[in-house]
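Asks: Chains as they are written, first to last, in the working numbering: chain A, 1 to 403; chain B, 1 to 156.
Be careful, since some hints might not be right.
If you want the footprint, here are the derived chain A segments under chain B, 3+ residues with CB under 8 angstroms [said to hold, decoys possible]:
{"no.": "1", "stretch": "36–42"}
{"no.": "2", "stretch": "133–145"}
Just so you have them, the derived chain B footprint on chain A, three or more residues with Cβ under 8 angstroms [as the list claims (entries may be wrong)]:
{"no.": "3", "stretch": "66–77"}
{"no.": "4", "stretch": "105–113"}
{"no.": "5", "stretch": "177–187"}
{"no.": "6", "stretch": "338–351"}
{"no.": "7", "stretch": "371–381"}
Derived from the structure by calculation, the hints contain no laboratory data. In this text, a Cβ means the ideal position worked out from N, Cα and C, and glycines have one as well.
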Amino acid sequence: MSSLSERILGAPAGEYIDRKVDRAYVHDGTGVLTLEAWKGMGARGLFDPSRISVIFDHIVPANNSTTATLQHELREYAKGSFLHFSDIGGGICHQCMSEGIVLPGEVVVGADSHSCTLGAFGAFATGVGATDMAAIWLTGETWFKVPQSIGVHLHGAIHGATEAKDVALTYVSQLGMDGGSYRALEFIGDGAGSLSLDERLLLCNLAVETGAKTGMFYADDVTVDYLARYGQSAEQQGTEPCDYVQELEIDLSDIVPLVAVPPRVDTVKPVRDIAGIPVDQVFVGTCTNGRYSDLARIARIVKGKKVAVRTIVVPASRETMREAIRTGVLTDLVEAGCSIGTPGCGPCLGAHMGVIGEGEVCLSTANRNFKNRMGIGGEIYLASVATAAATALEGEITEPGVP
Amino acid sequence: MRGESRAILLGADIDTDIVIAGRYLRTKDRRIWATHVFEDLDPHLAPRLLGAVIVAGKNFGCGSSREQAAIALKGAGVVAVVAPSFARIFFRNAINIGLPLIEADLECHDGTIVRFDLESGWVEAGGKRTRVRPLSPHMLDILRAGGLVEYWRVKR
Numbered sequence: 001m002s003s004l005s006e007r008i009l010g011a012p013a014g015e016y017i018d019r020k021v022d023r024a025y026v027h028d029g030t031g032v033l034t035l036e037a038w039k040g041m042g043a044r045g046l047f048d049p050s051r052i053s054v055i056f057d058h059i060v061p062a063n064n065s066t067t068a069t070l071q072h073e074l075r076e077y078a079k080g081s082f083l084h085f086s087d088i089g090g091g092i093c094h095q096c097m098s099e100g101i102v103l104p105g106e107v108v109v110g111a112d113s114h115s116c117t118l119g120a121f122g123a124f125a126t127g128v129g130a131t132d133m134a135a136i137w138l139t140g141e142t143w144f145k146v147p148q149s150i151g152v153h154l155h156g157a158i159h160g161a162t163e164a165k166d167v168a169l170t171y172v173s174q175l176g177m178d179g180g181s182y183r184a185l186e187f188i189g190d191g192a193g194s195l196s197l198d199e200r201l202l203l204c205n206l207a208v209e210t211g212a213k214t215g216m217f218y219a220d221d222v223t224v225d226y227l228a229r230y231g232q233s234a235e236q237q238g239t240e241p242c243d244y245v246q247e248l249e250i251d252l253s254d255i256v257p258l259v260a261v262p263p264r265v266d267t268v269k270p271v272r273d274i275a276g277i278p279v280d281q282v283f284v285g286t287c288t289n290g291r292y293s294d295l296a297r298i299a300r301i302v303k304g305k306k307v308a309v310r311t312i313v314v315p316a317s318r319e320t321m322r323e324a325i326r327t328g329v330l331t332d333l334v335e336a337g338c339s340i341g342t343p344g345c346g347p348c349l350g351a352h353m354g355v356i357g358e359g360e361v362c363l364s365t366a367n368r369n370f371k372n373r374m375g376i377g378g379e380i381y382l383a384s385v386a387t388a389a390a391t392a393l394e395g396e397i398t399e400p401g402v403p
Numbered sequence: 001m002r003g004e005s006r007a008i009l010l011g012a013d014i015d016t017d018i019v020i021a022g023r024y025l026r027t028k029d030r031r032i033w034a035t036h037v038f039e040d041l042d043p044h045l046a047p048r049l050l051g052a053v054i055v056a057g058k059n060f061g062c063g064s065s066r067e068q069a070a071i072a073l074k075g076a077g078v079v080a081v082v083a084p085s086f087a088r089i090f091f092r093n094a095i096n097i098g099l100p101l102i103e104a105d106l107e108c109h110d111g112t113i114v115r116f117d118l119e120s121g122w123v124e125a126g127g128k129r130t131r132v133r134p135l136s137p138h139m140l141d142i143l144r145a146g147g148l149v150e151y152w153r154v155k156r
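Please put together the full structure from these sequences, using the hints given.
Replies: Shown next as structure tokens:
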């Protein structure tokens with residue numbers, strides 16, 4: 001039987017197809033090059049402005065006049081072209097697209113590698129580069145090679161101090177940095193149904209760290225209920241047995257808090273094995289772990305205490321931030337000594353708002369710990385929100401306690 | 001499309017952050033990317049790339065979708081990149097900006113002369129020829145045009 005990718009793309013694995021896209025989005029980083037390439041193609045129109053989003057998230061607000069000037073040009077174009085535009089403070093592109101825009105069964109392309117995040121809705125969502133995106137602006141289509149699929153069977157339920165992030169690091173370490181290349185990961189099994197939409201977004205987010213084209217969940221009642229909150233009606237996607245090229249079996253109840261040690265996402269160890277390493281900065285946020293549920297979790301742990309090292313918390317979107325204000329989560333974080341940033345990518349890409357210095361160590365909830373990514377000579381450990389919170393309180397890598 | 005050039009060897013899992021660091025992305029001045037290419041890997045590498053073929057390990061170009069990585073390599077004068085496998089977004093980006101990629105596990109040293117023919121689908125190092133899967137006619141059209149921007153400009 002067909003995989004979810006094959007069903008959505010309408011062709012068997014291995015085939016090259018030209019496919020109309022339902023949603024296309026860029027951010028301030030890739031949008032500048034996309035606009036330039038699109039102009040270079042001699043283009044005057046957009047295939048369908050209502051399906052194109054421009055979302056400022058990478059360097060928001062601008063860090064210097066060069067960035068500001070580049071952003072100005074894209075902003076002016078976006079504002080005048082009837083396409084969906086989200087200016088600074090609106091949030092991370094993948095998060096904004098997850099707030100009632102992307103629907104099950106859609107083909108979604110983003111000019112960002114973590115566009116695979118949106119496969120959580122049962123959409124076929126993948127990243128492309130700026131020039132590919134320019135051609136999509138022009139024609140509304142692009143070519144795909146229909147991927148083979150890897151079945152990631154999730155069993156049981158997460159418990160204790162473990163989070164979906166630890167599950168994600170588990171599959172990344174099992175597949176390695178290219179173990180999913182050109183393939184789609186399908187998360188299935190009773191454990192998949194037990195996960196919230198936020199947790200599904202997280203699991204799909206890290207798919208690209210294995211080289212995968214996308215990560216996907218079948219739309220079920222959790223998906224339908226989530227979208228209903230945004231006034232969207234959606235239908236469940238029935239699962240059917242499917243021949244996978246590879247299958248992973250993960251028992252969620254076996255997983256303990258984990259950390260990816262620099263400079264690779266697939267070098268994963270239990271937190272307890274490296275506990276005690278001093279850190280200079282803790283960062284909670286990004287398209288991986290910046291959602292309201294993440295902010296609420298760190299707030300629960302640090303409330304009434306003081307963080308021991310500088311701790312930066314960046315909500316994934318304005319919606320996220322608004323909810324954290326409404327429930328008092330933001331107050332708890334500020335009183336515990338955390339710094340709050342403008343909704344967006346924050347310091348994840350090392351461009352601003354929390355760049356680390358030579359020899360410094362950051363414990364981050366993001367998805368990449370490559371050499372020098374957050375600053376020249378700095379090191380990045382990737383972990384869950386609970387591990388980040390425990391580490392922030394102690395000033396050294398610390399295994400989170402059972403909540 | 002044929003080429004012949006000396007090899008520069010690199011390791012596996014070269015990510016696009018290491019090709020061009022995030023701190024250099026906010027510009028439209030392509031010379032900046034070419035100048036700072038691989039700076040965090042080896043600050044002396046960029047000037048040696050002019051006219052070279054990069055021969056790397058598996059999963060070249062993984063990580064960020066930044067197209068500046070492919071543009072930086074082409075701008076620095078890289079003729080082609082040969083690797084056993086490429087990360088998929090980098091693969092598309094490279095073809096789209098007119099940088100030839102060749103999927104092959106090539107045995108060679110720094111400075112070995114590498115020859116290739118994209119249409120016929122072979123690459124040769126140290127006199128040993130390896131057959132590779134030819135690029136699709138569509139990809140070859142894009143490369144011949146010099147990239148997807150030029151391809152569309154002519155087509156329209």
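Asks: Now tell me, hint by hint, if it's right for this structure.
Replies: Verification of the hints:
| no. | hint | in the structure |
| --- | --- | --- |
| 1 | 36–42 | holds (count 5) |
| 2 | 133–145 | holds (count 4) |
| 3 | 66–77 | holds (count 3) |
| 4 | 105–113 | holds (count 3) |
| 5 | 177–187 | holds (count 4) |
| 6 | 338–351 | holds (count 3) |
| 7 | 371–381 | holds (count 4) |
In the structure shown, no violation is registered for any of the earlier numbered hints.
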